[in-house]
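Novice: Chain order of the listed sequences is A and B.
Reading the first sequence from the start, the letters are residues 1 to 241 in the working numbering.
Reading the second sequence from the start, the letters are residues 1 to 241 in the working numbering.
One thing to keep in mind: the hints can contain errors.
[Said to hold, decoys possible] SDA-like mimics (lysine to any residue), calculated; alpha carbons at most 20 Å apart, straight line:
no. : chain 1 : residue 1 : chain 2 : residue 2
1   : B       : Lys207    : B       : Ser192
2   : B       : Lys84     : A       : Lys90
3   : B       : Lys149    : A       : Asp52
4   : B       : Lys90     : B       : Lys107
5   : B       : Lys43     : A       : Val238
6   : B       : Lys83     : A       : Asp52
7   : B       : Lys84     : A       : Tyr54
8   : B       : Lys84     : A       : Ser174
9   : A       : Lys83     : B       : Ser192
10  : A       : Lys37     : B       : Tyr54
11  : A       : Lys90     : A       : Phe179
12  : A       : Lys83     : B       : Ile47
13  : B       : Lys84     : A       : Ser44
14  : A       : Lys83     : A       : Ile162
15  : A       : Lys84     : B       : Phe49
16  : B       : Lys43     : A       : Gly236
Rather than coming from a laboratory, the hints here were simulated on the basis of the structure.
This structure is a prediction, so every number in the text was calculated from the model and none was measured.
Protein chains: 2
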Amino acid sequence: MFKHIPPVKYYFSRNKEFLRQIYRLTGFYPRNISIFKIAFTHKSASIQFDNDKYINNERLEYLGDAILAAVIADYLFSYFPFKKEGFLTKMRARIVSREQLNEIALKLGFQQLVVSQMKINGTKNIYGNAFEALIGAIYIDKGYKKTKKFIISRIIKKHININDLILVDSDYKSQLIEFAQKNKLEIQFDDSEADITEQNSPTFISKVILNGQILGTGTGTSKKEAQQNASREALGKVLDI
Amino acid sequence: MFKHIPPVKYYFSRNKEFLRQIYRLTGFYPRNISIFKIAFTHKSASIQFDNDKYINNERLEYLGDAILAAVIADYLFSYFPFKKEGFLTKMRARIVSREQLNEIALKLGFQQLVVSQMKINGTKNIYGNAFEALIGAIYIDKGYKKTKKFIISRIIKKHININDLILVDSDYKSQLIEFAQKNKLEIQFDDSEADITEQNSPTFISKVILNGQILGTGTGTSKKEAQQNASREALGKVLDI
Numbered sequence: 001m002f003k004h005i006p007p008v009k010y011y012f013s014r015n016k017e018f019l020r021q022i023y024r025l026t027g028f029y030p031r032n033i034s035i036f037k038i039a040f041t042h043k044s045a046s047i048q049f050d051n052d053k054y055i056n057n058e059r060l061e062y063l064g065d066a067i068l069a070a071v072i073a074d075y076l077f078s079y080f081p082f083k084k085e086g087f088l089t090k091m092r093a094r095i096v097s098r099e100q101l102n103e104i105a106l107k108l109g110f111q112q113l114v115v116s117q118m119k120i121n122g123t124k125n126i127y128g129n130a131f132e133a134l135i136g137a138i139y140i141d142k143g144y145k146k147t148k149k150f151i152i153s154r155i156i157k158k159h160i161n162i163n164d165l166i167l168v169d170s171d172y173k174s175q176l177i178e179f180a181q182k183n184k185l186e187i188q189f190d191d192s193e194a195d196i197t198e199q200n201s202p203t204f205i206s207k208v209i210l211n212g213q214i215l216g217t218g219t220g221t222s223k224k225e226a227q228q229n230a231s232r233e234a235l236g237k238v239l240d241i
Numbered sequence: 001m002f003k004h005i006p007p008v009k010y011y012f013s014r015n016k017e018f019l020r021q022i023y024r025l026t027g028f029y030p031r032n033i034s035i036f037k038i039a040f041t042h043k044s045a046s047i048q049f050d051n052d053k054y055i056n057n058e059r060l061e062y063l064g065d066a067i068l069a070a071v072i073a074d075y076l077f078s079y080f081p082f083k084k085e086g087f088l089t090k091m092r093a094r095i096v097s098r099e100q101l102n103e104i105a106l107k108l109g110f111q112q113l114v115v116s117q118m119k120i121n122g123t124k125n126i127y128g129n130a131f132e133a134l135i136g137a138i139y140i141d142k143g144y145k146k147t148k149k150f151i152i153s154r155i156i157k158k159h160i161n162i163n164d165l166i167l168v169d170s171d172y173k174s175q176l177i178e179f180a181q182k183n184k185l186e187i188q189f190d191d192s193e194a195d196i197t198e199q200n201s202p203t204f205i206s207k208v209i210l211n212g213q214i215l216g217t218g219t220g221t222s223k224k225e226a227q228q229n230a231s232r233e234a235l236g237k238v239l240d241i
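Isolated chain A (complex conformation):
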């Protein structure tokens, strides 16, 4: 069951099952059990004290969110030594997206761990949030270095495929239009059929024009394909990929 021999206090603990779960998740035994209990306490199951104060995992979630962002920033900084900060920022957002965190928490079995008084009707955010709170708890209990090790070896390497994430959103035309709208730029597609009679299938050429400037040119066997290729080139320029 255990790779490492548990500390003596484990055998005397009333929280044996909980400690076993933390060990399974993190690979270590906590010094401070309470902080991990709090990490799994959803707002709806808050513990009240002093009349107007409540204990739940929201503060730990705030802390864990920041620590997670720092570790991922560090990881990507080394992983992509020649990529620009625009690319790194985008990749980080994909790694720590709400959906991604919820999914990881479910894979780790947070359904069995989170204490909540709420009916979980469709929203999985409480699991992703508890996952961030767990990171906050590890940081408080073990410090930055061990938290970083936990995130890299038990989360990124096991549950995240960096190369897949690079390819997310490959609808370049939609992305480019979204970018243009966000930045209030005028966007135009200039499509034409290539004048090559010796080929069987006509080749389409598309140009993307942003605020009057040609930013991308693409070809394809359909107008759609040509526009996608032109958009990809333009996106590469505007997003620094």
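Fit chain B to the known structure of chain A by using the hints.
Specialist: Just chain B, lined up with the frame of chain A:
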């Protein structure tokens, strides 16, 4: 001049003046001088290599931004043990605001350190950005713990007045209206004069109604004061302060 005796290599370095500056800023001598040189290199003074790759401080700024946010999150988490995450998030945003970072960088003398080919016409952001890049460089050179120590002892304790920042934006009415617009809530002020004839000055009473629900009540010797007090109460509820 020096509190600590510099390492031997200092005396043989061609970068004596630069090392002295880093020592003045951080209290230590860097292991890796280059990373600190990069931290002060603005995009406009990028060093090109391999034809299409550029070295400047933008990647370090991305890294430093994340590390700074984590350290401040940690600091506030301990500093305010009973405040909710909404308050902590807001305080952090004030500490790491663009203006605040620019101001700190100027106080630290970044004007003399940043290498740039740009005419600095009005924008001080390049100093604030270089300050974040410096944090990235310290993190790479010395690790998280020393970076945290640097941020707390040399930045927060010397340049940031937490109590002043709590009081920033005390125009509660504007803040509440902004909040309502952002969250698409209907906001109304219901003002009346208090029916107290024995007092000299009439007392005003104001109620703030958000989506039909009274969220705050305030009194004052003017309508304005009553509205401010009512707004403060309502803000306290909606922002978890």
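Novice: All the hints need checking, so say for each whether the structure fits it.
Specialist: These are the hints, each one checked on the structure:
{"no.": "1", "hint": "B:Lys207 <-> B:Ser192", "in the structure": "holds (9 Å)"}
{"no.": "2", "hint": "B:Lys84 <-> A:Lys90", "in the structure": "violated (29 Å)"}
{"no.": "3", "hint": "B:Lys149 <-> A:Asp52", "in the structure": "violated (34 Å)"}
{"no.": "4", "hint": "B:Lys90 <-> B:Lys107", "in the structure": "violated (24 Å)"}
{"no.": "5", "hint": "B:Lys43 <-> A:Val238", "in the structure": "holds (16 Å)"}
{"no.": "6", "hint": "B:Lys83 <-> A:Asp52", "in the structure": "holds (11 Å)"}
{"no.": "7", "hint": "B:Lys84 <-> A:Tyr54", "in the structure": "holds (9 Å)"}
{"no.": "8", "hint": "B:Lys84 <-> A:Ser174", "in the structure": "violated (39 Å)"}
{"no.": "9", "hint": "A:Lys83 <-> B:Ser192", "in the structure": "violated (61 Å)"}
{"no.": "10", "hint": "A:Lys37 <-> B:Tyr54", "in the structure": "violated (47 Å)"}
{"no.": "11", "hint": "A:Lys90 <-> A:Phe179", "in the structure": "holds (13 Å)"}
{"no.": "12", "hint": "A:Lys83 <-> B:Ile47", "in the structure": "holds (15 Å)"}
{"no.": "13", "hint": "B:Lys84 <-> A:Ser44", "in the structure": "holds (15 Å)"}
{"no.": "14", "hint": "A:Lys83 <-> A:Ile162", "in the structure": "holds (14 Å)"}
{"no.": "15", "hint": "A:Lys84 <-> B:Phe49", "in the structure": "holds (14 Å)"}
{"no.": "16", "hint": "B:Lys43 <-> A:Gly236", "in the structure": "holds (19 Å)"}
Consistency with the previously given hints fails for numbers 2, 3, 4, 8, 9 and 10, ordered from lowest to highest.
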